[in-house]
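With the hints as constraints, model all of the structure from the sequences given.
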Amino acid sequence: MDFEDTPEEAEYRAHVRALLEEHSAELVHMDTGEEGAAEGPEQELALRRTQRVLAEAGLVGVAWAREHGGRAGTLAQQSIVHQELARARVPGLINHIGLGMCAPTVIAHGTPAQHEKYLQRLLRADDVWCQLFSEPASGSDLAALRTTAVREGDGWVVNGQKVWTTLAHVADFGILLTRTDPAKPKHAGLTMFVVDMHAPGVEVRPLKQMGGQSNFNEVFFTDVHIPDTERLGEPGEGWRVALTTLLNERVAVGGGGTDLGLSVESLARLAAERVPGLSPERQVLARQALGRAAVAALANRYTGYRRYTAISQGGLPGPEASAGKLAGTASAKLIADLGVRLQGDDAVFLSGADDRWQRTMATLPGLAIAGGTDEVLRNIVGERVLGLPPEPREDKHRPFNEKAAAGPGTGRAAEPANTARTDAPGAMA
Amino acid sequence: MNFDLDTDQRDAAAGAKDFFAGQASPADARRALDGSPVAPGRAALAEVGFLGITVPESAGGAGAGVLDLAVVAEQAGAVLAGPSLVTAARAAVLLADHPDLLAALADGSRGFAVLDGPVGGSAPSLDARDADTFLALDGGALVVGEGEVTSGAPIDATRGLGSVRLTSSRVLVEDAGALWARARQVGAVVLAAEDLGAAGRAVQMGVDYAQMRTAFGRKIGSYQAVKHSLVDAWVGVEQLRSLVWWAAWAADAAPGELPLAASAAKAFAAETLERAAETVIQVHGGVGFTWEHDAHLYWRRAKVDRLLLGDEAEHLDAVAALVLDGALTR
Ligand SMILES: Cc1cc2nc3c(=O)[nH]c(=O)nc-3n(C[C@H](O)[C@H](O)[C@H](O)COP(=O)(O)OP(=O)(O)OC[C@H]3O[C@@H](n4cnc5c(N)ncnc54)[C@H](O)[C@@H]3O)c2cc1C
Chain A
246 MDFEDTPEEA
256 EYRAHVRALL
266 EEHSAELVHM
276 DTGEEGAAEG
286 PEQELALRRT
296 QRVLAEAGLV
306 GVAWAREHGG
316 RAGTLAQQSI
326 VHQELARARV
336 PGLINHIGLG
346 MCAPTVIAHG
356 TPAQHEKYLQ
366 RLLRADDVWC
376 QLFSEPASGS
386 DLAALRTTAV
396 REGDGWVVNG
406 QKVWTTLAHV
416 ADFGILLTRT
426 DPAKPKHAGL
436 TMFVVDMHAP
446 GVEVRPLKQM
456 GGQSNFNEVF
466 FTDVHIPDTE
476 RLGEPGEGWR
486 VALTTLLNER
496 VAVGGGGTDL
506 GLSVESLARL
516 AAERVPGLSP
526 ERQVLARQAL
536 GRAAVAALAN
546 RYTGYRRYTA
556 ISQGGLPGPE
566 ASAGKLAGTA
576 SAKLIADLGV
586 RLQGDDAVFL
596 SGADDRWQRT
606 MATLPGLAIA
616 GGTDEVLRNI
626 VGERVLGLPP
636 EPREDKHRPF
646 NEKAAAGPGT
656 GRAAEPANTA
666 RTDAPGAMA
Chain B
81 MNFDLDTDQR
91 DAAAGAKDFF
101 AGQASPADAR
111 RALDGSPVAP
121 GRAALAEVGF
131 LGITVPESAG
141 GAGAGVLDLA
151 VVAEQAGAVL
161 AGPSLVTAAR
171 AAVLLADHPD
181 LLAALADGSR
191 GFAVLDGPVG
201 GSAPSLDARD
211 ADTFLALDGG
221 ALVVGEGEVT
231 SGAPIDATRG
241 LGSVRLTSSR
251 VLVEDAGALW
261 ARARQVGAVV
271 LAAEDLGAAG
281 RAVQMGVDYA
291 QMRTAFGRKI
301 GSYQAVKHSL
311 VDAWVGVEQL
321 RSLVWWAAWA
331 ADAAPGELPL
341 AASAAKAFAA
351 ETLERAAETV
361 IQVHGGVGFT
371 WEHDAHLYWR
381 RAKVDRLLLG
391 DEAEHLDAVA
401 ALVLDGALTR
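Those protein sequences? They're chains A and B, same order as listed. Just so you know, my numbering puts 399 at position 154 of the first sequence, and the rest follows in order with no gaps. Just so you know, my numbering puts 379 at position 299 of the second sequence, and the rest follows in order with no gaps.
It is worth saying that the hints were derived from the structure and are not from the lab. Given the structure is predicted, the values throughout are model-derived calculations rather than measurements.
Think about it this way: if two alpha-carbon atoms lie no more than 30 Å apart in a straight line, the pair counts; the simulated DSSO-like pairs of lysine-lysine are: (1) A:Lys453 x A:Lys578; (2) B:Lys383 x B:Lys97; (3) B:Lys383 x A:Lys578; (4) A:Lys429 x A:Lys641; (5) A:Lys641 x B:Lys299.
Okay, structure coming up:
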């Protein structure tokens with residue numbers, strides 16, 4: 246057990262730090278806990294440029310294989326880059342979904358031609374990617390999705406709707422999960438594609454989130470043609486392909502133990518400024534809350550280090566990462582809550598001297614939903630890690646297009662029980 | 081970076097698990113409530129070498145680190161063993177310059193207890209009931225002496241809690257404030273390690289039962305109210321494990337981080353064990369509320385340990401003080 250950098254790691258860290266200083270003027274810097282949000286065309290361009298500069302400096306895809314445009318580095322190096330980016334106040338990369346979820350899926354299931362065509366450009370944010378999984382009637386129960394792809398000539402024709410698609414408004418490509426065989430049980434009839442977001446028939450409508458930002462979208466597909474060469478994996482194998490995405494999602498979102506939302510260090514700085522000015526009674530309360538938030542963040546951070554050690558020793562990212570997202574969400578809430586309360590009178594406004602806190606607060610409910618809701622993650626941990634008996638899943642083996650017997654008085658098909666995101670990690674873990 | 085136990089530590093944990101499985105159990109903890117001696121007891125712990133893990137080899141110990149002790153303490157906690165390895169850990173720090181006493185600690189020929197609070201009447205202190213040699217802080221000096229123990233009806237008899245009035249004492253170390261503080265932090269880490277073991281075992285008992293018990297035609301573990309509360313308790317245990325290992329590592333390798341890590345671990349341990357113990361009772365329903373069931377013994381441990389060596393409020397405040405002082409932002 247050792248938390249210090251090895252001499253090689255220390256050397257690498259110094260190298261990264263020097264690169265970040267050298268390129269500082271070309272990078273976006275911001276002190277928010279938000280990911281590079283791409284609000285407005287100017288910010289989008291700046292964020293794309295930031296990622297390109299970092300990619301050219303060799304700081305994106307550090308642990309990827311060289312054949313995919315990476316540096317064949319270690320996970321330790323990857324995490325050093327993350328730490329140094331945070332230290333230099335460079336926001337999350339615009340292509341975080343592409344890097345965290347789409348690329349691993351393309352790498353695992355794509356053809357050499359797809360690797361060639363996409364990966365290098367994805368690394369440089371020449372193309373930004375999105376993940377087109379959720380639909381109005383299938384979020385947790387992802388495998389109940391209804392967007393169809395029908396074989397036609399040398400390709401497929403896609404019709405349907407996706408929703409909550411982060412970054413679709415700026416994306417160039419997406420990984421798209423569709424139903425290609427409705428006569429099969431719901432997991433068996435799915436197929437994954439890479440879709441060109443600029444293709445005719447793709448329409449993106451931004452949605453406004455509760456905090457006012459527009460980071461996710463509805464995406465409509467009307468007779469969109471996708472060449473068969475853009476299929477990821479075999480027809481009917483879409484679920485297996487999606488599992489790769491979902492496993493990586495759990496690690497990308499919170500599984501690594503990094504603070505989601507604003508960091509505990511930002512809270513520490515704020516508290517050092519504000520707590521001494523409070524009344525003695527309020528100081529006691531604020532110190533308890535600060536202690537609790539710091540302990541939660543540290544527990545999660547060190548748990549991330551353990552997971553990361555396990556993965557770097559050859560383990561697969563498993564369902565344990567879901568526990569990291571649960572704990573990370575809880576700790577992010579403790580951090581933001583105290584940060585907001587320390588804003589004094591400003592705390593009732595979404596604006597103020599240091600409104601990062603209020604703005605972050607308004608993103609956190611989404612954290613407990615995106616990438617698997619807290620409830621679904623608890624199901625995953627309960628069943629896949631603790632071995633508790635599964636949820637009832639009445640529709641798991643029934644052909645998708647065969648409705649369940651209507652319950653008394655409902656007059657419509659029974660709601661499909663969840664499976665999708667709940668089933669996800671287990672199949673590989 | 082490498083945040084995992086090494087092979088020796090894994091082996092030590094496995095060995096400790098075997099040892100404790102034959103030597104202590106919740107049933108012993110139940111019998112202790114009726115006045116039976118605490119199991120495995122000082123002699124057995126001395127014989128297997130666990131009282132001397134952090135005692136230098138020159139004084140008959142193993143000369144190992146706090147992390148090595150913590151992995152053993154986890155196994156002790158899992159079966160509610162006593163006396164606590166906290167006492168051994170704390171005394172080993174305090175007696176660093178007193179080889180004779182260290183040797184008596186490691187070989188069990190003396191029963192030590194470390195007293196918190198005034199020497200004229202200490203706070204209820206771990207393992208005081210069966211001790212013959214008391215260590216205390218008296219006006220800034222570390223003293224050793226004999227004393228008179230008073231005690232109440234125990235909630236958790238395995239903890240051997242008693243208040244002590246020193247009847248004789250001699251100074252071991254003048255100006256022992258810093259030494260005392262470090263010993264208390266190491267003690268907090270080892271207590272958190274015992275709580276980790278107890279919490280992990282409690283959650284496992286709940287999981288086992290939820291897999292087997294049926295209600296309304298389904299295993300109760302398939303009900304989310306049951307499943308999710310077990311998951312929350314388990315997530316707490318895994319998070320606690322990280323804090324315990326970090327804190328124990330810090331005690332050995334990064335003393336500057338120990339105050340923060342020890343308080344974080346102790347505060348989190350209090351909450352985690354309490355939740356695990358309450359969950360295991362609830363998951364068992366009526367049988368979990370019986371004297372014969374083991375659940376309440378973990379609950380008793382939780383209700384007592386959360387108050388020992390500083391309660392949650394004290395340690396959260398200590399964390400806050402360090403954070404405000406720049407512990408995370410330097
Ligand atoms: C900020 C944000 C960004 C997102 N980005 C993307 C994206 O880029 N791409 C994408 O494809 N999707 C994205 N999503 C969608 C996200 O994956 C879904 O919202 C999520 O999986 C939940 O699905 P749902 O919204 O349909 O809610 P539902 O599944 O309808 O859930 C409603 C409620 O029911 C509960 N519930 C459902 N099933 C169970 C069960 N089995 N047991 C217990 N409770 C259950 C849920 O926990 C929740 O509380 C994003 C969502 C958010 C909030």
